[in-house]
Amino acid sequence: MFRFILSRLGSGLVLIFIVTTGTFFLTHAASVPVALNLAGPAATQEQIDGINAQLGLDRPLITQYATWVQGVLHGDLGRSYFSTEPVSDAMANRLPVTMSVVVLAMIITLIISVILGVLAAARRGVVDTIIQAISTISFVFPAIILGIVLVFVFAITLNWVPAVGFTPFLESPSEWFASVILPAVVLSIGGIASLSAQIRGSLLDELGKDYIKTLRSRGVSERSLLLRHALRNASGPAFTTFSLLFIGLFGAALFVEKIFALPGVGTFGFTATIQGDLPVMLGLTIFSVVLVVVVNLIVDLVSGWLNPKVRLS
Amino acid sequence: MTSQTTDATAAPAARATKKRAGAVRRLLRNPLGVGSLAVLAAVIILGQLGAVLAQHDPNFSSLDAINLPVGSPDYPLGADQYGRDILARLIASINVSLISGAIGAGVAVVVGTSFGLLAGYRGKRTDAVASWSFNLLMTFPALVLVIVLYPVTGGSYQVMMAIFGLFLAPGTFRLVRNMVVGVRAELYVDAARVAGLPTRRILTRHILAVVRGPIIISVAFLASQAIGIQSGLAFLGLGDINVPSFGMMTGDAFANIYLHPDQLVWPSALMALLIGSIILLGNAYRDALAAPQSTVKRDKDARRAPASTQVGHPGADSDSSRSGDGVRTNLLTVRNLRVRYPQTDGSEKAVVDGASLRIDMGEVVGLVGESGSGKTQTAFSILGLLPREARVEADELTLAGEPILGLSPKEMRRFRGGALAYIPQEPMSNLDPSFTVGSQLIEGLRGSMSKREAKELVVGLLDRVGIRDAARVYGSYPHQISGGMAQRVLIAGAVASRPKLLIADEPTTALDVTVQAEILDLLRDLQGEFGMGVLMVTHNFGVVADLCDRVAVMRLGEIVETGDVRTIFREPSHPYTQELVGAILDEETLRTDPPPVARERLEGNR
Numbered sequence: 001m002f003r004f005i006l007s008r009l010g011s012g013l014v015l016i017f018i019v020t021t022g023t024f025f026l027t028h029a030a031s032v033p034v035a036l037n038l039a040g041p042a043a044t045q046e047q048i049d050g051i052n053a054q055l056g057l058d059r060p061l062i063t064q065y066a067t068w069v070q071g072v073l074h075g076d077l078g079r080s081y082f083s084t085e086p087v088s089d090a091m092a093n094r095l096p097v098t099m100s101v102v103v104l105a106m107i108i109t110l111i112i113s114v115i116l117g118v119l120a121a122a123r124r125g126v127v128d129t130i131i132q133a134i135s136t137i138s139f140v141f142p143a144i145i146l147g148i149v150l151v152f153v154f155a156i157t158l159n160w161v162p163a164v165g166f167t168p169f170l171e172s173p174s175e176w177f178a179s180v181i182l183p184a185v186v187l188s189i190g191g192i193a194s195l196s197a198q199i200r201g202s203l204l205d206e207l208g209k210d211y212i213k214t215l216r217s218r219g220v221s222e223r224s225l226l227l228r229h230a231l232r233n234a235s236g237p238a239f240t241t242f243s244l245l246f247i248g249l250f251g252a253a254l255f256v257e258k259i260f261a262l263p264g265v266g267t268f269g270f271t272a273t274i275q276g277d278l279p280v281m282l283g284l285t286i287f288s289v290v291l292v293v294v295v296n297l298i299v300d301l302v303s304g305w306l307n308p309k310v311r312l313s
Numbered sequence: 001m002t003s004q005t006t007d008a009t010a011a012p013a014a015r016a017t018k019k020r021a022g023a024v025r026r027l028l029r030n031p032l033g034v035g036s037l038a039v040l041a042a043v044i045i046l047g048q049l050g051a052v053l054a055q056h057d058p059n060f061s062s063l064d065a066i067n068l069p070v071g072s073p074d075y076p077l078g079a080d081q082y083g084r085d086i087l088a089r090l091i092a093s094i095n096v097s098l099i100s101g102a103i104g105a106g107v108a109v110v111v112g113t114s115f116g117l118l119a120g121y122r123g124k125r126t127d128a129v130a131s132w133s134f135n136l137l138m139t140f141p142a143l144v145l146v147i148v149l150y151p152v153t154g155g156s157y158q159v160m161m162a163i164f165g166l167f168l169a170p171g172t173f174r175l176v177r178n179m180v181v182g183v184r185a186e187l188y189v190d191a192a193r194v195a196g197l198p199t200r201r202i203l204t205r206h207i208l209a210v211v212r213g214p215i216i217i218s219v220a221f222l223a224s225q226a227i228g229i230q231s232g233l234a235f236l237g238l239g240d241i242n243v244p245s246f247g248m249m250t251g252d253a254f255a256n257i258y259l260h261p262d263q264l265v266w267p268s269a270l271m272a273l274l275i276g277s278i279i280l281l282g283n284a285y286r287d288a289l290a291a292p293q294s295t296v297k298r299d300k301d302a303r304r305a306p307a308s309t310q311v312g313h314p315g316a317d318s319d320s321s322r323s324g325d326g327v328r329t330n331l332l333t334v335r336n337l338r339v340r341y342p343q344t345d346g347s348e349k350a351v352v353d354g355a356s357l358r359i360d361m362g363e364v365v366g367l368v369g370e371s372g373s374g375k376t377q378t379a380f381s382i383l384g385l386l387p388r389e390a391r392v393e394a395d396e397l398t399l400a401g402e403p404i405l406g407l408s409p410k411e412m413r414r415f416r417g418g419a420l421a422y423i424p425q426e427p428m429s430n431l432d433p434s435f436t437v438g439s440q441l442i443e444g445l446r447g448s449m450s451k452r453e454a455k456e457l458v459v460g461l462l463d464r465v466g467i468r469d470a471a472r473v474y475g476s477y478p479h480q481i482s483g484g485m486a487q488r489v490l491i492a493g494a495v496a497s498r499p500k501l502l503i504a505d506e507p508t509t510a511l512d513v514t515v516q517a518e519i520l521d522l523l524r525d526l527q528g529e530f531g532m533g534v535l536m537v538t539h540n541f542g543v544v545a546d547l548c549d550r551v552a553v554m555r556l557g558e559i560v561e562t563g564d565v566r567t568i569f570r571e572p573s574h575p576y577t578q579e580l581v582g583a584i585l586d587e588e589t590l591r592t593d594p595p596p597v598a599r600e601r602l603e604g605n606r
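Order-wise, the sequence lines are chains A and B. Using this note's numbering, you'd call the opening residue of the first sequence number 1 and step up by one each time. Using this note's numbering, you'd call the opening residue of the second sequence number 1 and step up by one each time.
Wrong hints could be hidden among the right ones.
Said to hold, decoys possible - Here are a few chain A residues that face chain B, going by a calculated C-beta distance under 10 Å: (1) Ala30; (2) Thr136; (3) Val140; (4) Ala143; (5) Pro168; (6) Leu170; (7) Ser172; (8) Ser174; (9) Phe177; (10) Gly219; (11) Lys258; (12) Gly269; (13) Thr273; (14) Met281; (15) Val289; (16) Val293.
Simulated from the structure, these hints should not be mistaken for lab results. All C-beta atoms, glycine included, are put in the ideal place defined by N, C-alpha and C.
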């Protein structure tokens, strides 16, 4: 078990290294006119050179990279070129917004997917059709359209929830919920489509196995066969899908934030990307990759714990 | 010579082509397929007619035209808040979306398929490296990277879609790789290889023919995703402002939502129409490829219907040799059992065809025959454990006088875990790996006793079936015990409910020869102790000679001969039985007590 965790941590570090290094060189080589963006179109060449020198953008790429890596290893992600705010502080301020939406979406996804997946495995027929329909809808109406429709219906027309803005959970849980429920629903549609199909498939696989037949021969109820035995054994693969979903939803959340005007990481990242705010872009990248690694590690641990063979070795 | 091998190995590829041609025909007969194809074609044509239909350049903005309503002269769908022709922009957006879908799906399919073919076909190192890389790529935060790498694209949506396509590739890679691994094992590729065809030709001709269908289906989903992401990026303002797209139009209209919500309808509806037609076309093609299976009608009542026909034949006995014997009472009666399975072409295949069988209380009956003769299907019919699609009928199927065919799972539970018990063939796969031995053994008993009583009973039985340290095994997980021990556990589980009829399906086949003898000993002891009737399904006449009172010989779904074990061994009447009995002379497994050395080794193992 310990070696297993070590090896997963190892490949996690490889992932972090590859992605951040690749992003660093690609974005720095893209020659975004950062200084021009900062100084404005009327700037003289001297002003631009001055800014470049000040930001260190005139140094060789490899030196810039070494400086950046050194900073990261000391927990310093640098400062935004534009607001001069430390990147880590800026991320920390905006993260609760994004994570609120993502976590709520994951909870909705998990609950509805388990219900649909189990019902589909037990009854097939109608529930299968529902899962198919959700899957088709999630493709046909991309997040932006679905989001706009929900804003239009529930926020503008019915006025049930605010159309824009975010209320922190600690300030008012009910207003917090109202401010994140629509984006969370938008995000969860796609998640439900893939996770419920996955759970259904794994359950049907398990229900076809020998041990189910033997348990049934001993008079174990169909309900227990499905909910206790098959579901338990199907939960490993389902968890893996769940972890991939988490990463996907985090990315999708960045898009959805804009529709609901949520002051999250996405809005921040988009502005940075358009302006060429390199430290912020890299900060967002490194945060996402670390998130991927942490989530995968948690999922590995949970699936290991679910599987007695791994747990007891 | 060359032409000859080509002919021989081209056959499967030709078959795949034929199947695909059939799929296209079925697709065109399916209203959903034709409908989505027509809509998609209409949208594409609309995109090509842009210059003819639209009066203005999509980016031309006129102050006079700001927010013109639908139906204005020269502006059939009105104009947006910048005074641009909505129709012209819609038409231009169609083409941007189509190109996005084509690039995204194209990159994903080309990259995923080529590496998938390579990894699946070459295997070993290549496979390991490629699989590792694509698994890593799959965990990349794709959307974040597409956003962050925006400056690299220089604002070109085509480059952005190419990057996104790369992130979509792992799905295709896995699909292709897994199919190739499956196909590679098949004979015809080996044959082509032996015949000396170059690797590249094997890949393209044979494997590609097989994986083409699934790839075409996945293109629909990949293209839809690419179109959705492109519009999302444009909606957020990442992209060339001079390239009109559904996303940008939606974004503009969204900014205008309080004044003119109707402007949102056009881009949203057209995008949904475009993606919807692609997705539904993909679904229809998938259904068309899988058509033979889906045309099979599932007859839900098939298993219930015969229940009515079986009533009212108590005591009917097909086994005339014993019908006069009044000493023993009847336990199981099977009369004219038929088991059929629906086939992909709509017909039905009979695996048991009119089998009749009778077991008296406390009697051990062997059911022998080669694999595929229908003996396990007969046993599972009695237990009610056949898969859903099986159609089971019988003139009579009764246990101690009560009909047990066509019962609901709930009704059947009265018998299973009660009078009826089962010992499977392969011990390890018949234990739930996620639960301890004890917890799965007591589960079926919990209806009739408390948890503590059930535990006491099971631990006692584990001890009785020869497991040392029964309490420890009770709390162990299946992977912690040996195969022989697992079979003892399953036997304990089977006899825990004091069954009247024990059905054992090749209970020793999967075990070591030395363990086999011990398990047979144990079964004999338990049978005597509990006075159970036993149906011993086996292909091994040694086991029959060892344990059984009577034997039924099964062949091609029918019972060809029934009789006393001794009689059958001495003078088998059916030629097939003669053949089987003759064959046991070659078998070494006629039971004898295991040699001391083997016994010692066994004890040590436990």
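Hints and how they fare:
no., hint, result
1, Ala30, "holds, 4 Å"
2, Thr136, "holds, 6 Å"
3, Val140, "holds, 4 Å"
4, Ala143, "holds, 6 Å"
5, Pro168, "violated, 24 Å"
6, Leu170, "violated, 27 Å"
7, Ser172, "violated, 26 Å"
8, Ser174, "violated, 26 Å"
9, Phe177, "violated, 24 Å"
10, Gly219, "holds, 2 Å"
11, Lys258, "holds, 5 Å"
12, Gly269, "holds, 6 Å"
13, Thr273, "holds, 5 Å"
14, Met281, "holds, 5 Å"
15, Val289, "holds, 6 Å"
16, Val293, "holds, 8 Å"
Going down the numbered hints, you'll see the structure goes against 5, 6, 7, 8, 9, while the others check out.
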